[in-house]
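**Q** Since the structure of chain A is already known, use the hints to place chains B, C and D on it.
There are 4 protein chains.
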Amino acid sequence: MELNGVPIDDTYAEAFPTWVSRVIITAVTEEWAYRSAVEAVGFATSAIGCPAEAGIDCFVSPDETPDGRPGYAILICASKKKLKEQLVERISECILTAPTTAAFDGLGDVIADVPEKIPVKLHFFGDGYEEKREVGGRTVWAIPIMEGEYIGEEEFGAVKGVAGGNFFVMGETQMSALMGAQAAVDAISGVCGVITPFPGGIVASGSKVGSKKYKFMPASTNEAYCPTLKGKVESSNVPDGVKAIYEIVIDGVDEDAVKLAMAEGIKAATKVPGVKFISAGNFGGSLGPFKFDLKDVLADEL
Amino acid sequence: MELNGVPIDDTYAEAFPTWVSRVIITAVTEEWAYRSAVEAVGFATSAIGCPAEAGIDCFVSPDETPDGRPGYAILICASKKKLKEQLVERISECILTAPTTAAFDGLGDVIADVPEKIPVKLHFFGDGYEEKREVGGRTVWAIPIMEGEYIGEEEFGAVKGVAGGNFFVMGETQMSALMGAQAAVDAISGVCGVITPFPGGIVASGSKVGSKKYKFMPASTNEAYCPTLKGKVESSNVPDGVKAIYEIVIDGVDEDAVKLAMAEGIKAATKVPGVKFISAGNFGGSLGPFKFDLKDVLADEL
Amino acid sequence: MELNGVPIDDTYAEAFPTWVSRVIITAVTEEWAYRSAVEAVGFATSAIGCPAEAGIDCFVSPDETPDGRPGYAILICASKKKLKEQLVERISECILTAPTTAAFDGLGDVIADVPEKIPVKLHFFGDGYEEKREVGGRTVWAIPIMEGEYIGEEEFGAVKGVAGGNFFVMGETQMSALMGAQAAVDAISGVCGVITPFPGGIVASGSKVGSKKYKFMPASTNEAYCPTLKGKVESSNVPDGVKAIYEIVIDGVDEDAVKLAMAEGIKAATKVPGVKFISAGNFGGSLGPFKFDLKDVLADEL
Amino acid sequence: MELNGVPIDDTYAEAFPTWVSRVIITAVTEEWAYRSAVEAVGFATSAIGCPAEAGIDCFVSPDETPDGRPGYAILICASKKKLKEQLVERISECILTAPTTAAFDGLGDVIADVPEKIPVKLHFFGDGYEEKREVGGRTVWAIPIMEGEYIGEEEFGAVKGVAGGNFFVMGETQMSALMGAQAAVDAISGVCGVITPFPGGIVASGSKVGSKKYKFMPASTNEAYCPTLKGKVESSNVPDGVKAIYEIVIDGVDEDAVKLAMAEGIKAATKVPGVKFISAGNFGGSLGPFKFDLKDVLADEL
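So the protein sequences, as listed, match chains A, B, C and D. The numbering used here numbers the first residue of the first sequence as 3 and each following residue consecutively. The numbering used here numbers the first residue of the second sequence as 3 and each following residue consecutively. The numbering used here numbers the first residue of the third sequence as 3 and each following residue consecutively. The numbering used here numbers the first residue of the fourth sequence as 3 and each following residue consecutively.
Among the hints, a few may not be true.
In this list, chains with the same sequence are indistinguishable; a pair is considered to hold if it fits within one copy or across any two.
Stated by the list, open to error - Derived DMTMM-like pairs (lysine to aspartate or glutamate); straight-line CA-CA distance at most 20 Å:
#, residue 1, residue 2
1, 215, 242
2, 217, 133
3, 232, 151
Bear in mind the hints are in silico, worked out from the structure with no lab data behind them.
Looking at chain A on its own, in the form it has when it is part of the complex (with noise of 0.2 Å):
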């Protein structure tokens, strides 16, 4: 199988549920909505040592936001506990803080049946001096704060999403597996409802369950897909002639979303020079109840 003459491995990405909300955060331009935007889904790469997972969906356009502002969209994924908590930290902190923002909830924008609410009482920091609005059709609070006033809904939804959603590209050279997986974050950054959680969208560092050397470690690096140990190690997944190899991880509000990410990310990369192999990571199918088998994900491509 093979995808603008690079080699797709026969494989599938086995991946997670998770809770996801979506919240579109607006803002007077949308320089100013794009940087609460961005501390809004920072130190959130990975559920394993970051409170959430987070990221940016997309840019909401005028026309499509409650209030008229241009905004962006963003995922807090999290387990359902812990959810609440990142959704109420991540806007009083973030949004609420940030100059002339507003937020309200986006789920329902992308998925058809919202199953979940969750509140976020943020209005009790206006400490009674606050009041219910209505914009655009929303029930917000308008709390008095020193720019003049912030505005919010107080209810977001959450669905049980995907999370883990990947595929590997593997390069000639260090450089061409990196601008392939940025062109394949490009072009998920068009795809509605996903995020890609990791730096830059990219993850360079994989990594297995448990360790073999240190038993205290929950998880270490998966030697089998290190290219510098090819050779040293026992069997290396790393294929002849590959330098390097990123991951991308992608979480979604379901699983259509992620497959349609997934498959928009892997056309990318494969048309960038260098770029050698795609794959996909999974741990044998026994954890994870989601499979995207790359065969499947790519159906119209081949």
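**A** Positioned in the frame of chain A, the structure of chains B, C and D alone reads:
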């Protein structure tokens, strides 16, 4: 007291101790170092709701980094107990995972004596395949990962620094105040050893300790500084003609750095048309051991 | 007539014909397409002193470009005679020379009928080593260069479009007007088939034809719209309470595109705090064949 | 001769005289200064097809600008005759028209003696409403415009500098060469008094004088440096294993600045994985009066 025609309040900023580490992130290009830095300092505006306060200190040119590549220095600020955890998590989740990055201790570049060293044992991630190296006179670990190797130091300096240095930019219109605050943040970005941890460097919402109406709230809006409440609350601190107030909060490695940042920031803000008044926030002097009197801060300018 | 509480002047914008081409620049990543586009549309604010008017129209997703890579569409506007020269020079100096770029005709994507085709024979640069190919159904030339191959079409559509569509954003302070103008530019960037050719999309200085004092000057400042001259000149058009005015100038492929851009831009500007008045520039209707009455432009909003 | 394990060709770059001016653009924030600078240096890659060569030299901090605001210094390079016209047009169309900008002469900041001053009489634009002022010890004109006032100097230093300093970055893959070139451009951006005028600072296409096949062409592709023609042309200069070549072209105020830029750029490029060879371009020494021998340029590094 006036600066560039703008009245400067006869008051002081009150600030608190915090522990601070400074990490230099290098990468193959400036852009990739920046992307990792942005992820590593996200969700870190205020220690109240975030696990740390963090921000980008400054660009570090290839001539000044241990590995001769371009870099960004970040500050991570937290209680001593939390700082180690935050260093470990932010380096392992946001730097180790980022394309082409390396991490080095950068505290010694901005203070004369580094009192403490915090161990950050990432090398166990290598599962025995890691090895010690020397880069630019530093002892580092090289850990095999999917992109090749991650290089990093494992001890990071820590110092008792200053959190909560601040000043207020008040404007004739909201946009005048916002651009004044932006000009301040721009100017402070040129000062070494400090960060402005809020979104885009600016705080749109101030707070007071506790709440008059909602007893369960640890903090609530500071109505005395809310322009929309002027005339509705008993004693407002919003000067006549001021429609919006932004606060610049500054964390730094020591008092001198914070003082210089305040001076540069205030100077820049007063040059922006429509900025009407500069003040600073304090709690009557009873809480914070550090006091930055605006008269002293601006002594060289007035 | 008011929009979002901001008075809209009962006047019209007067505009002129110009010839327009639209070039799609694709590259390995969005960033590299963008860099080439920025160079290609520089020094192109006004046909009075620049060799052309040019700007970035919009991002073009991989699914919409001939080669399946990400791209940016730019507009180049000039007299029919000058347009060919400007196409040749800007493509050969700013796109052919840029890393990984390809150039395709993009006019047919935004207008129904392309009346003219301008030949741009870059393939002679190949000195006989070039060859014809087909990419995405387009006939292109592949020219061997140092990085590998440059791919490009050699005929670019041209249409008689509109230059000088405009409106004025007037503010209570300079920064309010500036942010209002920025919000307008943000909104217009979402409209296809138009550009705002001035720096950052905004004009800080208006002009009148000729000069009263310096007879050799073809154009000079428009004192009737200078806030600092209100009270010093006989008839000022600066409304009371207005401290600054910015103009948004719009060039587009046809009247509908310019009209839509004006509507979106004005709507966005009126949402910015401190924007006091919206007007537009004309020369009494004697010069330009196109008239955009603000009442008509905003008919759907009012 | 090797640097960081990369062979350095035993050759030299040949360069030519050009006249150079340096303009400091200040604005209310860094961003607005940058936007004006980007417009002012656009369409300016090569004097062959563009009206000038131009680029951003460096950021200038508020402490170093005449008006205490943040700024960017740009270089404009052209023949002596064309330089005046280009200064006038680029300042009047791209700086005077830009929001909040001021323009100052910045050549004296990077060379000891400024041999010539070029008058740029923008103040006539004020139609008699303009007035002389002093800003930071400079005589400037304040011209009333729509946003308020434009402030600018009217004499700009000019010096006979160097155009066409250069080196080649050759890579094992195209992406390795491109990232090597990018790292070089990053490093050169830290050197004062130089620019890399091509898109993103990088040249993807080299040229030779004239054409073998098309006699009417003044320049055509340099087949000896085209990787896809290796084996098809008689004498290729593409080393074995090289798949792509990028050229970095440097213009500067004097030989020292260009030499330093070459050294910093080459040093940075050789640190990028997959960069295989560094060379430089010359015409046998018969044309350009300036010769930059790579051995000399890198003397401190080798």
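**Q** Please work out whether the CA atoms of residue 217 and residue 133 approach to 20 Å or closer within one copy, between two copies, in both situations, or in neither?
**A** between (55 Å within a copy, 18 Å between copies)
**Q** Are the CA atoms of residue 215 and residue 242 at most 20 Å apart within a copy, between copies, both, or neither?
**A** neither (27 Å within a copy, 43 Å between copies)
**Q** Tell me, please, which holds for residue 232 and residue 151 at an alpha-carbon limit of 20 Å: within, between, both or neither?
**A** between (58 Å within a copy, 13 Å between copies)
This entry does not satisfy hint 1, going by the numbered hints stated previously; all others are met.
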